[in-house]
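**Q** Chain by chain, the residues:
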Amino acid sequence: MYSKGLAPLAAATVVTVTAALSMVFFYAPNDADQGFVQKIFYVHVPMAIVALCGFIAGGVFAIRHLRSGDSSWDLRSYVAIHMSIILGVGVLVTGAIWAKASWGHWWVWDEPVLVSFLVVFLLYCVYYPLRFSIEDPGRQARYSSVFAIAAGAFVPLNFVAVRLAEAYTHPRVLSQTGGSMPGDMRLTFLVSIAGMALLFVTLWKLELTAKHASMQLKRLRNRARVAA
Amino acid sequence: MPALPLDEAGKYVAASYVVFVALILIYVAIIGAKIARIERQISELVEDDE
Amino acid sequence: MTRTARAILRKDLRIELRTKESVPAMTLFAITVYVLFHFGLDRDSLDGELASGVLWVTLLLAAVIGVSRLFAAEREQGGIDGLLLAPVDQTALFVAKAAAMFLFLTAVELVAVPAFALLLLGPGLGGALPELLAVLALGNLGIAALGALVAALAAETRAPELIVPLLLLPLLVPVLIACAQATEPLFRQDAGPEDLGRWLGLLTLYDVVFVLLSVAVFDFLLED
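Protein chains in written order, with the working numbering: chain B, 6 to 233; chain S, 395 to 444; chain Y, 325 to 548.
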């Protein structure tokens, strides 16, 4: 059920990611101010965008779970959030690498996207202890969905708040991911985001399939044990 | 801060992409282990059946 | 629904008045934290953004203590089953708990804010008192709504005293940002509000979103 369309999806992912990587290193020009270091953005920013969308998607799946009571939606929500947290680690690490390369420090408070991401990441890390310390499976799924919805609503609000605050302490003289991006950079960006998004969906489907198969197998084994 | 010279900058850029690839590979490895466990359990079930 | 909510609220307030558990503890905690900040920052008086930050972080931490206790009575005496069996809208429970938290916070601030002015604040409180009250009111609303939601979420876990701070504090970052930024110009030597509308607007948006969300979602926490 979950693996429908997985093969063409994976193929599309391979094509897009390869295209993106090629464009990053062979097509996009070097940034005037930051030089070669700017290339980090083509992996850092798409990871951040896809992770944030993953968190919000987790919230949307959670809404469908609560409304239908169908636990397959809870599974989709869990995997989406789980993967976005992993991507989140990547965002923070690549963000730190970029900060070190650009500013000489391993962390800077200037970038509202990175800062708000830190808050979101800290919040979603609590998803695991919350989820796994509730014994009853029905309750566990419902409470996780409530969390996913509240946290999903929190993500845009938090970004707005941090952005407003940073505007006061760190006025953005130079926009890093600039609205004034030359066309070839912008195209590379879009392809990178598309590649990252396809990668996310492919791996998401992959994990869903594996988890679902594992759960069905457990049910079969229990039934076999009872029958024996 | 002025832009880093290419050889230094290259290391940071390469590090970022290595992090990205490493994350994907770790993920694939974990799913692979999960599939291996599923296969093992299926073969146990098949054995019990026979 | 309002009748049920009022009844639950009255019960909680009566318990609090009798046992005097949460509010005095939160207040004492806040004042202790002021002393900690005095030693930690090695400062006799604060103004501007430092004062604003110290006040709001302290209030948030005190709120966390209060939230951890919000469902304590129900947990310890099994009262929640009685509430669940009653044929009423579970939303009433949320409204009652959030209202209780709001009142507790107000009570704490009645002492903690003047105490702050006494101990650490350089310029006086009088400078922009009505604006400060507006910020406190909207901030308390957000803390109360989220506190009730998080308390309910954590109530069924094995270690609620750990889960509550970990959940509540990141979720309250926008409230902290808005309140601290709004209060900062009020605590300067030449006090006067600045951009107050923007931060009050953010607080209002946050409060509306989370009150509506909690009301919509609370039923699912208690059904069985």
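Just so you know, the hints here were simulated from the structure itself, not pulled from any lab data.
None of these values were measured; they are calculated from a predicted model.
Beta carbons are placed, not taken as given, at the ideal position from N, Cα and C, and that holds for glycine.
It is possible that part of the hints are untrue.
So, partial list: chain Y residues that the calculated Cβ filter (under 7 Å) puts toward chain B [unchecked claim]: (1) 480; (2) 481; (3) 533; (4) 536.
**Q** All the hints need checking, so say for each whether the structure fits it.
**A** For each hint, the structure was consulted:
1. 480: holds, 5 Å
2. 481: Since chain B brings a Cβ to about 4 Å from residue 481 (chain Y), closer than 7 Å, the hint holds.
3. 533: At about 6 Å, which falls below the 7 Å cut-off, the nearest Cβ of chain B leaves the hint on residue 533 (chain Y) intact, so it holds.
4. 536: violated, 9 Å
Hint compliance for this structure: hint 4 alone is broken.
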